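Asker: Here are the chains, one letter per residue:
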Amino acid sequence: MHGRVKERTPEEKQEAVRKEKERKLLGFTTLWKDIVDRRAEGDRSSETLMKTNQLLAKCSDLYTLWNYRREILLADLTDAESEEGKRDGILRIELSVTESCLALDFKSYSTWYHRKWTLEQMQKADWQRELDLTSQLFRLDARNFHCWNYRRFIVERGHIPLSSELAFSTKLIADDPSNYSAWHYRTTLIPLLFPTVPSPEHQTQIRTELALVVTAVNVKANDQGIWFYTQFLVEQIQKGGYTNLLDELKEEVKKLYEEGDLTAEESIAVLHGYVRLLLLDPIQNLKESDKKFVDDSIDKLCSLDPLRKGYYQSLRDAL
Amino acid sequence: MAFPNRDVDITDKTELFLASAKHVKYLEEYGETIDSYEFAVAEYLRMSGIYWTITCLDILNTLDKSKRFHKDFVVDYVRSCQKPSGGFSPHPTHDENLPHTCCAIQVLATFDSIASIDKEACISYVTGLQQPDGSFTGDKWGEVDTRFSLCATACLALLGALDRCDRIKAADFIASCRNFDGGFGVSPGGESHGAMIYCCVGALSLLKRLDIVDADKLGLWLAKRQLPSGGLNGRPEKHPDVCYSWWILASLAIIGRLHWIDAGRLQRYILACQDIELGGIADRPGNYADPFHTVFGTAGLSLLPVGLNAEPAGPDEKGDASTTIAPKKANPVLCMAQEIIDRVGVQVQILPSSR
Ligand SMILES: [Zn+2]
Ligand SMILES: [Zn+2]
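Protein sequence lines correspond, in order, to chains A and B. The first sequence begins at 1 in the UniProt record's numbering and counts up one residue at a time. The second sequence begins at 1 in the UniProt record's numbering and counts up one residue at a time.
No lab work stands behind these hints, which were simulated from the structure alone. All figures in this text were calculated on a predicted structure; none of them were measured in a lab.
Pairs of lysine to any residue, SDA-like flavour, derived with a Cα cap of 20 Å:
1) A:K116 with B:Q131
2) B:K208 with B:G345
3) B:K238 with A:H146
4) A:K309 with B:G256
5) A:K58 with B:I34
6) A:K13 with B:S36
7) B:K217 with A:V234
8) B:K25 with B:D64
9) A:K6 with B:H239
10) A:K21 with B:D35
11) B:K238 with A:D105
12) A:K51 with B:A42
13) A:K24 with B:E38
14) A:K33 with B:Y37
15) A:K33 with A:E71
16) A:K24 with B:I34
17) A:K58 with B:S36
18) A:K21 with B:Y37
From chain B, some residues computed to sit far from chain A (all C-beta separations above 12 Å):
19) F73
20) T127
21) R167
22) L210
23) Q349
Note that the Cβ used here is the ideal one computed from N, Cα and C, for glycine as well.
Pulled out of the complex, with its shape left as it was, chain A reads as follows (with noise of 0.2 Å):
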C-alpha cells in the first residue's frame, strides 16, 4: 500500500490481465481453503508444512500460517527431543524458508518474528550468521527498524560484545553520517558500556564522542540525526561534570556558526544548535550579549523556518 505509482493498463490488454488475474486468484483461495481445512482436521504433516511455503512466498503477512507452521513444528520438535541434533535440524530448515521470505519482503512483522521464534527452539543456534545476515540486509537498507530490532535480539541472545557493536555503529556513521539508527544505537550501548558516571572511562568515550560530533558536523551541518545525537551528548557531559567538553562543543559550534561556509539550510541547522547551547545555562547567568543573540536567533529562525515558527517562539518563553 506504500509507494505505488498510479498507473493505467492500455485497453488492449486488459483482458489479458484480467485472466491472469482470475486465475492468480483462484490458485490461492484454493490452496488458502485447503489449508484451512487441513488445520481444522488436526492434520500436522510435512506435506501440509510444505504447502504453506507456497502462500507464504506469495505473501509473508499471513501470520496465521506462521501459527499453524509453529503448532506443526512444535509437534515434530517434541518427537524429535530423544535424538541429537535431529531438533536443531528441522529447525535449519525453518530458517531457510524466512530467509527466502525476507529475500522477498524484508519488513514482514511476522516473517521476522517467526525467525526469533526458530532460533529462540534451537539448542544450539549460531548466532554469529544471524549477526551476518543483518549486517548484510544493512547494506540495502541500513534503516530498516526490523532489522535493528532483530540484531538488538541477536546481540542479547548471542552474548555479542557491546564493544563490537559501538564498533559497528562507528562504522555504519562513517558511511553515511546521516543514518539515524546508527547514532540512536550509540545512546542505547554507551550507558550501558560505561555505567559508571563519572568516571575517567566514560570521559574519554564522552571525548571521542564529541569529536565524532564535531567531525559529523562539520561535513553535514544541516543533518538533524547529528544535532539530536548532540542532545545526547550534552546530557552525558552534565551528568559527568565535564564543564571543559561543554565549553568546547559550544566553541566548535559557535566557531561553525561564524566561520563556516554554510547553506541556508545549514546555518538553520547550526544557529539552532547554537541556541539551544546557550539555552542550557540558567537565563539569569546568561551575558546581556548572549541573552540579545539568543532573542535575535529566534526571530531569525522563524522567518528562514517558518514551518516550526510555534515551536521556536517557546523557545522565547524561556527568556
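Here the structure of chain A is known, so what remains is to put chain B with the ligands in place on it, guided by the hints.
Answerer: Quick look at chain B with the ligands alone, frame taken from chain A:
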C-alpha cells in the same frame, strides 16, 4: 542538501478542497473495484479494513446512510470473528490477535453494539496477554511490541475495563522504551519511530500517565518531521506519507504541541494526496489510494485548526449537502469520531498547549 531528495513537489495548482463525495463512493465500492486477487490476499487485514472504512465514512458524516456498511451486517460479521479465547480475528478463517481485537471493539463501539458480544471473554483475552514486565504480546505466540500496548489499552478503555490490567506496569514498560530524543520504539532499545511514538503516547494518554513523556523534547523531534512539502515523515531522512501525518500529528495534539508545525501546509499536503478522479487518499501525491491512508488523511484533516474549503459544485450538480459538511472531529488517541468516544465515556489525557 537535507530534504529535497526525500520530499515531494506539490504544485501550486493543487485544489484545496476535500473531495468527500468521491471518497465516500471510493470506500463504498472498494473491494468491488480493486483487484480481486489483492482483495482476497488481504483477508488477513479485513477487520482493520472495516474499521478504517466505517470510521472514515463516519467522520465524513455518511455512515448512517451506508448500504454496504449497514450496522446489522457489520456487527454480524464482527461477531462471527470472535474466537473461543475471546479475541477477534480479521476473518473467521484467520487467527485472533490483539490488533484485530482492538479494531473489532472500535467497530462495535462506533455502532453502539459492544453489548452484542461476549465482553467478559474479550476482556480476559486482552488482560491475559499482559506480561510480567507490563508489555503485551500480540497473541499467544509471544511477540512483544509497543503497538500492542495501545491495542490493549484502547480496547480495554472502550470496554470500560482499563482497571483490569496492571496499569502501573503497562506504563513502566512504555517508559522503558523511551529514547534519548524523547521518542519511543517497538521495544526497549528500539529507534524512535512515528507509529510507535503514537502508540506509546496514545497508551500513556489512556493510562493518564503523560508525565512519562518529555513533551518539549518529543515535540521538537515530531516538529522536525515536517518537510517543505508540508507532509510529515515517520523518521529522519524518510519521505513524507499521509499515514505518518496522522501518527505524528495526533501525537503532537496529545502532547499539546500541534502549533509547533505548519497546519496549513500539512492540510495542503494531505489534500494533494487525494485521488480527485476516483476518490480515496494515497500515501503520496500521484500514488494509488487505499482505505488506510484515506481514513488517516481524513482524520488528520479533522485535527487541524484550519478550515477546509467547500467542494466546488460541478456544472450539473446542485451540490450534495453531504459533501459540504466539515468532517467530524476525530479523537487523537483512538482515531474515531470524538462524539463516539464521548458516548462510550472514555477519557483521554491531553497536555495543555505550551503557550
Ligand atoms: Zn511510505
Ligand atoms: Zn503510509
